[in-house]
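Enquirer: This is what each chain is made of:
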Amino acid sequence: MRFSALKILKEGLTGNRGWAPHWRDPAPKPEYDALIIGGGGHGLSTAYYLASQHGMSNIAVLEKGYLGGGNIGRNTTIVRANYGLPGNSEFYSHSLKLWERLEEELNYNVMHSQRGIVNLFHSDGARDAAARRGNAMINQGDDAILLDRAGVRRMLPFLDFDNARFPIYGGLYHPRGGTARHDAVAWGYARGADQRGVDLIQNCEVTGIDIENGAVTGVQTTRGPIRAKKVAMITAGRSGQVAAMAGMRLPIESHVLQAFVTEGLKPVLDTVVTFGMGHFYISQSDKGGLVFGGDIDMYASYAQRGNLPTAEHVIEAGMALMPMIGRAKLLRSWGGIMDMSPDGSPIIDRTHIDGLFLNTGWCYGGFKAVPASGHCMAHLMATGRPHEAAARFRLDRFETGQGLMDEEATGSQHNLH
Amino acid sequence: MRLTCPLCGARDRREFTYQGEAVALSRPDPDAGPEAWNTYLHLRENPAGWRDELWYHEQGCAAWLVVTRHTTTHEVRKVQLARDVAKAEGTA
Ligand SMILES: Cc1cc2nc3c(=O)[nH]c(=O)nc-3n(C[C@H](O)[C@H](O)[C@H](O)COP(=O)(O)OP(=O)(O)OC[C@H]3O[C@@H](n4cnc5c(N)ncnc54)[C@H](O)[C@@H]3O)c2cc1C
Ligand SMILES: [Zn+2]
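Line order of the protein sequences matches chains B and A. Numbering-wise, the first sequence is residues 1 to 417 according to the working numbering. Numbering-wise, the second sequence is residues 1 to 92 according to the working numbering.
Treat the hints with care, since some could be wrong.
What the hints assert, rightly or not - Ranges of calculated distance between the beta carbons of each label pair, as one might list FRET restraints:
1) A:Ala63 - B:Gly141: 22 to 32 Å
2) B:Ile138 - A:Lys78: 46 to 56 Å
3) B:Thr410 - A:Thr4: 25 to 35 Å
4) A:Arg2 - B:Gln413: 25 to 35 Å
Derived by calculation from the structure, the hints in this document are not laboratory data. No experiment lies behind these values; they were computed from the predicted model shown. Think of the CB as a built atom: it goes at the ideal place given N, C-alpha and C, for glycine as much as any other residue.
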């Protein structure tokens, strides 16, 4: 089934009876060439690129719940390439380019909207840092515009420019940044992988990883054992438990991150705004809800719900930045489990076990990474060599201290990001 | 969430700062080698369940606490002074 305007028109006129399921619901086979543990954004995109770029279609994605039920369906959908450090810069730049042709490639409307992002700053020092970051982005081949106070006011007249603590001095504008529909990204990759023969197996929890003579031979699941010589662990917040099945301990601690949405409102905010000093960012969804969030709750958690002090903190920051938000009713809040790494940057690498691969450490920023993460992970699994855009995402950087990517310059230790 | 500080009683979560898994109580020797230090600094058990954590009663008595907490229910089973735990373990 191909999606097109004509097809939508035809279906609309004939009672929408011609739509078929987007993917099959296969039973697991006893053996595959490769297995992917985790049917989130990164697992699904890895499967898609293994099949589409490397011709590996005898593969399966094993998901313990339903496709898209994890963080991929819980995030606030910000897509950007405004990182400053070598390693991160080229990777997120690569990802944004993949985003820009994703809908055509997948024949799927992921509602990628390049509505721009404004990162506000509130002091002269922060302006210098923003200028430096903007130059790093431009050097990487991406786009950045330094806005002064009047420039921000033209775009976002309703912000509180004269806030006593954090008056707005300007903002770094990244026009190619924006948002996308999170579920649709999972569904689009799932459909694309399925069409190329990948088995997407839901309600299939991996409960053990089989290793013989230092090499992986398969996994145990709630739907029986499955053999494969290549296995990828791509389970975001659950990475610790899955790696433990292979006897590994990871440099990862899992934390809860919350997000919030208001009732649907008329269009009021046509870009993404981040207020770093208040740990707050906001955009407006196509349904009209103001979608916003802040920092993690700041203690280890596997509960997919947060605590009230953080909710209060985020909402206070929202009120400080754009007081008009106080007139909106909050509809829902929720949480997702983040795989926090010590330096705040991810890991895409082999492990010391032959055939066992690891993709984790996305912290609160792994949505924008979904295309490049899958692309680079597939490259690594298929060729045995890291993709150049992700070559620095090494697992051993913590052990050796070499090549740490501490984007926020807070220190490469747990719980500083 | 409230934590019961052994010195101050039950207090709001906002008075406390979370430091992480309570590994700092058994710090390796300076020359223990890179593996021991990597394990200490970076590798985490990260359980979905009970574990001991270090919290700091920053806006209270400024004591370091070992909190035994469940990471999926957020239930707190025990709060001890880190000093007492370290003494009992012979690491103080
Ligand atoms: C509130 C919130 C806001 C966010 N906002 C943004 C944002 O604006 N921009 C951005 O770039 N990022 C954002 N993120 C981060 C982003 O969502 C994550 O980094 C990313 O989705 C993680 O990768 P994933 O999609 O593969 O994870 P998930 O969707 O969580 O996928 C992991 C999957 O593994 C499965 N799994 C776990 N254990 C097993 C097992 N034993 N067997 C089988 N399957 C298993 C899980 O069920 C899950 O489906 C946000 C996250 C949250 C929670
Ligand atoms: Zn106290």
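Enquirer: Going through the numbered hints above, which ones does this structure break? Give me the numbers in ascending order.
Expert: 1
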